[in-house]
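Trainee: Sequences and hints are given; from them, build the entire structure.
Per the numbering used here, the very first residue in the sequence shown carries number 149; after that it's consecutive.
It cannot be assumed that every hint is accurate.
Lysine to aspartate or glutamate pairs mimicking EDC-like chemistry, simulated, CA-CA at most 16 Å apart [claimed, not checked]: (1) K248 x D232; (2) K408 x E419; (3) K331 x E374; (4) K331 x E383; (5) K184 x D242.
Computed Cβ-Cβ distance ranges for the label pairs, DEER-style [what the hints assert, rightly or not]: (6) N229 x G299: 19 to 29 Å; (7) A216 x E158: 50 to 60 Å; (8) K392 x A216: 18 to 28 Å; (9) R255 x E427: 23 to 33 Å; (10) T409 x E275: 23 to 33 Å; (11) E158 x G349: 45 to 55 Å.
Keep in mind the hints are simulated off the structure, nothing from the lab.
All C-beta atoms, glycine included, are put in the ideal place defined by N, C-alpha and C.
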Amino acid sequence: MADPTYTPPEVWQNDTENGGRFAGINRPTAGAREEKSLPGGEHDFQLYSLATPNGVKATIMFEELLEAGHSGAEYDAWTVNIGDAAQFTSGFVDLNPNSKIPALLDRSGPEPLRVFESGAILMHLAEKFGAFLPTDHRRAEVLSWLFWQVGSAPFIGGGFGHFYAYAPERYEYPINRYAMETKRLFDVANQRLAESEYLGGSDYTVADIATYPWFAPFVFGNIYNEARTFLSIHEYEHVDRWVKQIAERPAVRRGRIVNKTWGEEDTQMLERHSAADFEGKSL
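Mentor: If you want it as structure tokens, here you go:
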């Protein structure tokens with residue numbers, strides 16, 4: 149039987165009865181819903197996030213900088229529970245008017261800077277510390293792959309992930325539409341990684357840090373129920389090599405658990421304030 153046809157009304161109205169898993173927090177308006185300030189720590193960098201694929205981009209970047217010897221990259225990481233609408237408190241909205249994680253407060257200069265959107269955070273930190281982003285002719289290639297990921301994530305998460313795993317009902321058209329696009333993106337990466345060790349070339353860069361958190365869960369089979377099988381992720385052998393290579397990096401193993409609030413207790417870290425916080429954790 150074909151899916152029932154939807155005829156849009158003349159004027160759209162928000163339907164909270166049929167909004168799926170996140171209907172309780174999603175609204176067609178921006179701004180703060182609650183007056184509440186954000187916590188702060190002692191370090192120059194204050195990160196407010198959650199260990200989603202977008203969130204761990206920032207924590208992996210910080211841990212990679214520290215692993216590379218940039219002691220000035222010490223940071224405090226605070227969990228923002230988006231399921232409880234913590235991203236709509238006044239403190240967070242002041243930091244990110246778009247109410248999405250991650251968001252960063254950089255207090256290292258003469259004036260505090262807010263940095264929001266994961267790609268912007270990666271670029272800001274890469275330029276500040278002169279790391280993971282070439283300054284020569286290779287820069288354009290790395291930035292192209294970085295923004296390829298930034299532009300592609302909505303098709304994977306808000307597209308495929310939503311209609312396959314979170315929507316109140318499953319319908320053939322949206323699932324097929326975004327399954328096709330997700331597989332196409334994997335094929336883009338697979339073909340690139342067949343000719344290059346990393347996305348931007350021979351060196352590990354912000355392009356890999358941005359893309360890894362989205363692709364790794366599909367390779368390891370721990371996102372969107374049975375999506376790994378459904379999308380035949382095993383077909384992308386070069387993505388598989390790249391993901392497993394990056395997964396072994398010490399900084400990645402640390403960064404992926406920062407602001408993680410689910411799973412086994414020794415894989416969770418609600419806050420991160422120093423390297424000592426990783427003691428006793430399963431990495």
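Trainee: Would you mind marking each hint as holding or not holding in the structure?
Mentor: Hint check:
1. K248 x D232: 13 Å, holds
2. K408 x E419: 9 Å, holds
3. K331 x E374: 15 Å, holds
4. K331 x E383: 10 Å, holds
5. K184 x D242: 11 Å, holds
6. N229 x G299: 19 to 29 Å: Holds - the Cβ-Cβ distance for N229 and G299, about 27 Å, lies within 19 to 29 Å.
7. A216 x E158: 50 to 60 Å: Holds: the Cβ-Cβ distance is about 57 Å, inside 50 to 60 Å.
8. K392 x A216: 18 to 28 Å: 21 Å, holds
9. R255 x E427: 23 to 33 Å: 26 Å, holds
10. T409 x E275: 23 to 33 Å: 31 Å, holds
11. E158 x G349: 45 to 55 Å: 52 Å, holds
Hint violations for this structure: none, all hints satisfied.
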